[in-house]
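Q: Note that UniProt numbering has the sequence shown beginning at 1, numbered continuously upward.
Keep in mind that the hints were calculated from the coordinates and are not lab data.
Built from N, CA and C at the ideal position, the CB exists for glycine as well.
One or more of the hints may lead you astray.
Unchecked claim - Only pairs whose alpha carbons sit at most 27 Å apart, straight line, appear in this in silico DSS-like list of lysine-lysine:
#	residue 1	residue 2
1	50	34
2	30	40
3	97	34
4	34	44
5	49	32
6	97	51
7	122	97
8	97	50
Claimed, not checked - Derived DEER-like restraints, expressed as beta-carbon distance ranges:
#	residue 1	residue 2	range
9	56	21	49 to 57 Å
10	21	46	35 to 43 Å
11	50	13	39 to 47 Å
12	19	93	49 to 57 Å
13	138	15	55 to 63 Å
14	52	93	17 to 25 Å
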Amino acid sequence: MKNKYSIGFFVAAMAAVVALSGAYRFSYEKAKAKAAEELKIEIKAENEKKKELQTEETTGKRTQHGSISADGQALKEDCYYLMEVNGYVVVYLSDRKTPYEYTDILYDELPAILRQEIRNGKYLEGSEELFGFLENYSS
1 MKNKYSIGFF VAAMAAVVAL SGAYRFSYEK AKAKAAEELK IEIKAENEKK
51 KELQTEETTG KRTQHGSISA DGQALKEDCY YLMEVNGYVV VYLSDRKTPY
101 EYTDILYDEL PAILRQEIRN GKYLEGSEEL FGFLENYSS
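Go ahead and model the full structure; you've got the sequences and the hints to work with.
A: Following this line, the structure appears as structure tokens:
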């Protein structure tokens with residue numbers, strides 16, 4: 001009689017292991033397919049952007065007389081954005097993607113109004129304004 005119960009428990013345990021491994025495999029394949037699809041979309045967007053830049057370069061640089069036109073926007077290189085990352089304030093360059101400096105300033109210890117500005121990306125023009133802010137709030 002004990003053998004029947006032990007065989008039943010063994011079969012039930014094996015069925016549970018098979019079910020768990022099947023569920024894991026299914027979720028893994030689904031995540032893998034989703035990542036591949038996102039990568040394809042990203043590559044497609046990059047290719048379209050490159051084509052746009054190439055067409056802008058070929059059509060926008062030269063006018064009918066062969067002179068160079070100034071079709072573009074001047075970017076201000078000396079501006080920064082403060083943003084919150086993992087509970088700390090991080091300084092980003094003007095493109096809002098490239099980190100310039102990681103600080104030890106805790107986001108939660110700042111005043112509420114300043115936290116809201118930083119959440120939206122606080123704009124600071126010039127290194128003097130940036131270092132003035134960092135000096136005030138780092139201690």
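Q: It remains to establish, for every hint, whether it holds in the given structure.
A: Hints, verified against the model:
1. 50 - 34: Roughly 24 Å between the alpha carbons, so the hint for residue 50 and residue 34 holds.
2. 30 - 40: Distance of about 15 Å is within 27 Å: holds.
3. 97 - 34: holds (24 Å)
4. 34 - 44: holds (15 Å)
5. 49 - 32: holds (26 Å)
6. 97 - 51: Holds, at about 22 Å.
7. 122 - 97: Holds: residue 122 and residue 97 sit about 14 Å apart, inside 27 Å.
8. 97 - 50: Holds, at about 19 Å.
9. 56 - 21: 49 to 57 Å: Roughly 52 Å apart at Cβ, these two residues keep to the hinted range, so it holds.
10. 21 - 46: 35 to 43 Å: holds (37 Å)
11. 50 - 13: 39 to 47 Å: violated (55 Å)
12. 19 - 93: 49 to 57 Å: holds (51 Å)
13. 138 - 15: 55 to 63 Å: holds (59 Å)
14. 52 - 93: 17 to 25 Å: holds (23 Å)
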